[in-house]
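Asks: Numbering (the numbering used here) for the sequence shown: 6 to 99.
Among the clues, some could well be false.
Said to hold, decoys possible - In silico DSS-like links for lysine-lysine, alpha-carbon gap of 25 Å or less:
id, residue 1, residue 2
1, K57, K40
2, K50, K27
3, K84, K9
4, K94, K84
5, K57, K27
Honestly, the hints are just simulated from the structure, not real lab data.
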Amino acid sequence: DGAKMPTIFDLKGHSAAGEEKKTWRCAACYSTRFKTMCFGMNDLKDGEADPKCENCGRLRSVSGYTIWLTYDELPGSWKASADRQFAPKIVSVL
Numbered sequence: 006d007g008a009k010m011p012t013i014f015d016l017k018g019h020s021a022a023g024e025e026k027k028t029w030r031c032a033a034c035y036s037t038r039f040k041t042m043c044f045g046m047n048d049l050k051d052g053e054a055d056p057k058c059e060n061c062g063r064l065r066s067v068s069g070y071t072i073w074l075t076y077d078e079l080p081g082s083w084k085a086s087a088d089r090q091f092a093p094k095i096v097s098v099l
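Using the sequences plus the hints, can you model the full thing?
Replies: Okay, structure coming up:
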């Protein structure tokens, strides 16, 4: 009742993070990155419709992928978190 549901992003309209550089990051591996120590990106081969993760072997359509969001696209609470972590310290005081 009191717990707020996390933001879920629709992947339609978002390319995989790094796709412009012909790489992508597996969401399944990224979500367990500190346990598996898998921080890498997968190479995107030309003409490959549904690439497979080089680490876990899952298809991208199954595992999902990370996306890049600009600061303006972030939900309000995430902007506040980003400000606390990365903005000059004076911003959090103001």
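Asks: Each hint needs a verdict: does it hold in this structure or not?
Replies: So, going through the hints one by one against the coordinates:
Distance restraint check for K57 and K40: the Cα-Cα separation of roughly 21 Å lies within the 25 Å cut-off, and the hinted pair is therefore satisfied. At roughly 7 Å between alpha-carbon atoms, K50 and K27 fall within 25 Å of each other, so this suggested pair holds. At most 25 Å may separate the alpha-carbon atoms for a hinted pair to count; K84 and K9 meet this at roughly 17 Å. With a C-alpha separation of about 15 Å, the suggested pairing of K94 with K84 holds against the 25 Å cut-off.
Restraint check for K57 and K27: satisfied, since their Cα atoms lie roughly 14 Å apart, inside the 25 Å limit.
Of the hints listed earlier, there is not a single one the structure fails to meet.
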